[in-house]
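> Sequence:
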Amino acid sequence: MDLSNAMWAGDNWQEDLERLKTLQSMDDKSSSEKQEEFVLTTYLHPMSCPLCHTPVGSKDNDVACPSCNVGLHRVVPFVKVCEPGWHWIIDDESREILLMLWKEK
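Counting in this note's numbering, the sequence shown runs without a single skipped number right up to 108 at its last residue.
In short, the hints are calculated from the structure, not lab data.
One or more hints might be untrue.
What the hints assert, rightly or not - Here are the computed lysine-lysine pairs in the DSBU-like style, where the Cα-Cα straight-line distance is at most 35 Å:
no.: 1; residue 1: K83; residue 2: K24
no.: 2; residue 1: K83; residue 2: K32
no.: 3; residue 1: K37; residue 2: K24
no.: 4; residue 1: K37; residue 2: K83
All figures in this text were calculated on a predicted structure; none of them were measured in a lab.
Build the full structure now, drawing on both the sequences and the hints.
Put into structure tokens, the structure is as follows:
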């Protein structure tokens, strides 16, 4: 996972990222630690903001993009088509504001 240009949103992301690094460096893991590693790897994977294309990583389902400040909502499609198996969409309130601004032009 390339974290070089990712931006982070939400609470406790630093602790979650440190926990993920700790789990990845462990040799012998219990089943609960393996499960925790999978969840953290999947949910902390940075995905592009649909508006500014900045990679945003967060364990929270509803966040604001740190770059453009638009509200984002995590969506898990019915069929997994790519890694990590989810993507961001612009939340309803931000979409309404953007549509109003677009109509004013």
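> Each hint should be assessed against the structure and marked as holding or not.
Each hint tested on the structure:
In summary, the hint linking K83 to K24 is supported, as the alpha carbons are separated by about 25 Å, within the 35 Å threshold. Taken as a hint, the K83 and K32 pair is honoured in the structure, with Cα atoms around 27 Å apart against an allowance of 35 Å. Restraint check for K37 and K24: satisfied, since their Cα atoms lie roughly 13 Å apart, inside the 35 Å limit. Between K37 and K83 the CA atoms are separated by roughly 21 Å; this keeps the pair inside 35 Å, and the hint holds.
When the structure is compared with the earlier hints, no violation turns up for any of them.
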